[in-house]
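2 protein chains.
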Amino acid sequence: MNQGIWAFGPPSLLMAVMVAGIHNPLVVSLCLSVLAGLGTYKAIPLVSDVFIAHGRSGKDLLKEGRPVIPESMGAIAGVVYFIVMFVFIPVPFIGWFRDSEYALADFPHNKFAQFLGGLLSLMSMLFLGFADDVLDIRWRVKIWLPLIASMPLLMVYCVTYGGTDVVVPIPLRSLFGQKMLHLGIFYYAFMAALAIFSTNAINILAGVNGVEAGQSLVIALSIAANDFLQLHRNPARAEAHLTSLYFVLPFIGVTLGFLKHNWYPARAFGGDTLCYFAGMIFAVVGILGNFSKTVLLFMVPQIFNFIYSCPQLFHFVECPRHRMPSYNSSTKLLEPTWCSLSKTGKLGRLMIRILRTFRLVHIRRDPKTGEAVQANNLTLMNLLLVKFGPMSEPRLATFVMIVQALCSCLAFLIRYRLVKFVYNEVEDNRN
Amino acid sequence: MNQGIWAFGPPSLLMAVMVAGIHNPLVVSLCLSVLAGLGTYKAIPLVSDVFIAHGRSGKDLLKEGRPVIPESMGAIAGVVYFIVMFVFIPVPFIGWFRDSEYALADFPHNKFAQFLGGLLSLMSMLFLGFADDVLDIRWRVKIWLPLIASMPLLMVYCVTYGGTDVVVPIPLRSLFGQKMLHLGIFYYAFMAALAIFSTNAINILAGVNGVEAGQSLVIALSIAANDFLQLHRNPARAEAHLTSLYFVLPFIGVTLGFLKHNWYPARAFGGDTLCYFAGMIFAVVGILGNFSKTVLLFMVPQIFNFIYSCPQLFHFVECPRHRMPSYNSSTKLLEPTWCSLSKTGKLGRLMIRILRTFRLVHIRRDPKTGEAVQANNLTLMNLLLVKFGPMSEPRLATFVMIVQALCSCLAFLIRYRLVKFVYNEVEDNRN
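Taken in order, these protein sequences are the chains called A and B.
For the first sequence, this note's numbering gives the first residue as 1, with consecutive numbering after it.
For the second sequence, this note's numbering gives the first residue as 432, with consecutive numbering after it.
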C-alpha cells in the first residue's frame with residue numbers, strides 16, 4: 001500500500017511546480033482533479049482485499065459463476081474527493097491567506113461558508129450512504145436521509161442568496177397576474193425535494209456494470225460544460241459557476257478513476273455510497289450555483305426512470321425484489337425481466353394500459369386466452385432491452401450513457417434556444 | 432421502530448411550546464440536548480438487532496460466556512447529534528432568518544462558517560471512525576485520519592482568529608526576550624497535533640464497559656463548566672464560549688443517552704466511531720473557542736495514559752494484542768494483565784527502571800533468580816488495578832471517571848488560581 005502512495009510523489013511534485021506559478025484557482029482545480037482521478041484509480045485495487053475481507057462485497061449477478069466483487073467502493077472515491085477538496089479550499093482565498101495582500105476583515109466569509117456547507121452536506125451523505133451499505137437501512141427510512149444531509153446546504157442558500165422568487169414563464173403570466181412569484185418556504189421544499197430526488201434517482205437506475213458511475217459522469221460533464229458556457233455568456237454570475245466547477249471537476253476525476261474499475265467486467269462496485277454521493281453532488285452544485293432547474297434538465301433520464309417505475313415502486317403493479325435485466329448464459333446477453341400481472345388491481349391495469357398507449361411497455365399474453373399475463377419490469381434498462389433486443393452488458397451500459405448524453409444535448413437546446421419563448425433574454429441570464 | 436419515533440411527539444411538542452417564547456439560544460440548546468439524550472437512549476435498543484444482523488457486533492471479553500454486543504453504536508449517537516445540531520444552527524441567527532429584523536448584508540457569515548467548519552470536521556471523523564470499525568484500518572494509516580478531518584477546522588481558525596501569537600509564561604520571558612511569541616505555522620501544527628492526539632487518546636484508554644463514554648462525559652462536563660465560568664468572568668470572549676457550549680451540550684446529551692446502555696453490563700459498544708467522534712468534539716471546541724490549552728488540561732489522564740503507554744506502543748517493551756485487564760471467573764473481578772520482559776532491550780529496561788523509580792509499574796520476579804520477568808501492561812487501568820487491587824468492572828470504570836474528575840478539579844485550580852504566577856491577569860483572560 002505504501003508503495004502505491006509513494007508512486008504519487010513524482011507526479012504531485014511535478015504538478016506542484018507547474019501550478020506554483022499559476023494563480024488561477026480553476027487551473028489548480030483542474031490539476032487536482034486529474035490527481036484525484038489517478039488517486040482513485042490507484043487506491044481501489046490496493047484496498048479491494050481489505051473490503052472483501054471485512055464483508056464489504058457483493059456477487060455480480062449478471063456473470064457466470066457470480067464472482068465476488070468488493071462493494072461500497074464509493075467510499076474510496078469519496079475520501080479521495082474530500083482530501084482534494086480540503087487541499088483546494090484555501091486556493092480561491094489565497095490572497096487573504098498570505099498575510100500581506102488583503103485585510104482579513106474583508107475576507108469573503110460567505111463564499112467560504114458556501115464551500116463548508118456544500119462539503120458538510122456531501123460528507124453527511126457519504127457517511128449515510130456507507131452506513132446504508134453496511135446496515136441495509138429500510139427504504140422508508142433511508143429515502144429521508146438526504147433531507148437531513150441537505151439541511152446545511154439549504155441554510156447556506158438562505159444566507160447567501162435567500163431569494164425564493166421565481167420568474168413566471170411568459171405563457172403563464174396572465175394566469176398568475178404577475179411576472180415574479182414569491183415561493184417562500186415552498187422554494188426550500190423544492191430544493192430539499194431535489195436533494196432527495198437526485199440522491200435516490202441514481203440509485204434506482206443501477207444494477208449493470210458501469211451504469212451508476214457512467215450516468216453520473218455524463219451528468220457531471222454536462223454541468224461542467226454548462227458552467228464553462230455561462231462563464232463566458234454571463235460574467236455577472238461567474239462566481240456561482242466557478243464554485244460549481246470547483247465542486248464538479250474533482251468529482252469528474254474520481255468518477256473516471258472509479259469507472260475504470262467498475263466498467264465491464266467490474267472489479268469494484270460503488271454501492272449506495274457512490275449513488276448517494278453522486279446524487280448529492282448534483283444537488284449541491286445546483287443549489288449553491290443557483291441553477292437547480294438546469295441540473296434537473298440534465299437528469300431527464302432519471303426523472304423518466306423514476307416516473308416510469310412508480311407503478312411498481314408504489315405497488316400498483318407487482319414489484320419483485322430485483323428488477324435488473326437477467327443474464328442468459330447460452331446467448332451471453334442480457335434480457336429484460338418480467339413481472340406478473342395476475343394480481344394487478346384496476347388502477348395498476350389502467351397504468352399499464354396508459355404506458356401501452358405510448359408504447360412504453362411490452363406485454364406477454366397467454367397464447368390460449370389472449371389475456372395479458374406479464375409486463376416487462378418498469379425500468380429504463382428493461383425498456384431499452386425490450387425496444388432494441390437483448391444485448392451485452394457493456395453495450396447496455398453504453399446505451400444508457402448515450403441516452404443520458406442525448407438528453408443533455410436536448411437540455412442545452414431547451415436551455416439556450418427554446419428558452420426565449422418562455423422567458424425574456426434578461427431573465428434567462430438569471431439561472 | 433416507528434412507535435419509538437412517534438413517542439417523541441409529545442415531549443417535542445411540549446418543549447417546542449416552552450421554547451417558542453424563549454429567544455435565548457442557550458436555553459434552546461439545552462432543551463435540544465435533553466431531547467438528543469432521550470433520542471439516543473431510545474434509538475439504541477431499536478437498532479441493536481440491525482447492527483448485530485449486519486455483523487456490527489463484538490464479544491464482551493470481560494464477561495462469562497463472552498456475550499455478543501452490538502458495536503459501532505457511536506454512529507447512532509453521532510447521527511442524533513447531527514440532527515440536533517442541524518436543527519439548532521439557525522437559532523443563534525434567528526434575527527437574520529426572520530426577514531424583517533436585520534439586513535442580510537450584516538449576516539455574521541464568519542460565525543456561521545465556524546459552525547459549518549466544526550461540523551464538517553466532526554462529520555468527517557464520524558465517517559472515518561465508522562469506516563475504521565467496518566474495515567479495520569491499519570494503525571499507521573488511521574493515526575493520520577484526524578489530520579485530514581481537522582483541516583476545515585484549521586482553515587476556519589485561520590480566517591476567524593488567525594492569531595498564532597502565544598503569550599510567553601513570565602518565568603520564560605527572559606529566555607525569549609519578549610512577551611509574545613509568533614508561532615506561525617507551528618501553531619497550526621500544534622492544533623493539528625491536538626486533533627490527532629485527542630481522537631486517538633480516548634481510543635487508547637478503552638476496553639472496559641462505560642469507560643470511553645464515561646471519560647468523555649467528564650471532559651465534556653468540565654468544558655461546559657469552564658464555558659459557563661468564562662461567560663461570567665470574561666464577557667469580551669462570551670461569543671467563543673457560547674459557540675463551545677452549543678457544540679458540547681448536545682454531546683453531553685448523546686453521551687449520557689449512550690452511557691445508559693454502555694454501562695456495566697453493556698448492551699451497546701461505541702466502537703472507534705464513538706472514540707473518534709468524542710475526541711474530535713474536544714478538538715473542535717478547543718480550536719473554535721480558542722482555548723485549546725485549557726482543553727488539554729482536562730485531558731491529563733489521557734496524556735498520562737499515552738505517555739505511560741509509549742514504551743509498549745513504540746515496541747521498546749513487548750506489546751500484546753490486547754492490553755485490557757483480564758476477568759477472573761472465580762473471583763468475578765478484573766485483574767491487571769502482564770507483558771513479558773524476557774525480550775526487552777536496553778532502552779526498554781531503562782524505561783521500566785524509570786517508571787519503577789516513580790512507582791508506576793509493578794514487576795514480577797523469577798522466585799529463583801530474582802530476575803524481573805514480567806511487568807504490568809502500561810495502561811492507566813492496569814496501573815489502577817495494580818495499586819488498588821482487583822476490582823469489579825463497573826468499579827474500575829467509576830475509578831477512571833473519578834481520576835478524570837479529580838484531574839479536572841486540578842485543571843480548574845491551575846487555570847484559575849496558579850495561572851497568575853505564570854501570566855498576568857489580563858493575559859490570563861485571553862484564553
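Heads up, a few of these hints could be off.
[Claimed, not checked] Per the computed footprint, the stretches of chain A lying under chain B, defined by three or more beta-carbons under 8 Å from a beta-carbon of chain B, are: (1) 52-66; (2) 109-118; (3) 151-159.
[What the hints assert, rightly or not] No more than 20 Å apart at the CA atoms, straight line, and that leaves these computed lysine to aspartate or glutamate pairs for DMTMM-like: (4) A:Lys111 / B:Asp596; (5) B:Lys724 / B:Asp537; (6) A:Lys142 / B:Asp480; (7) B:Lys818 / B:Glu766; (8) B:Lys573 / A:Asp49; (9) B:Lys542 / A:Asp106.
Because the hints were derived from the structure by calculation, they are not lab data.
Yeah, the Cβ is synthetic: ideal placement off N, Cα and C, and Gly gets one too.
Violations among the numbered hints: 4, 5
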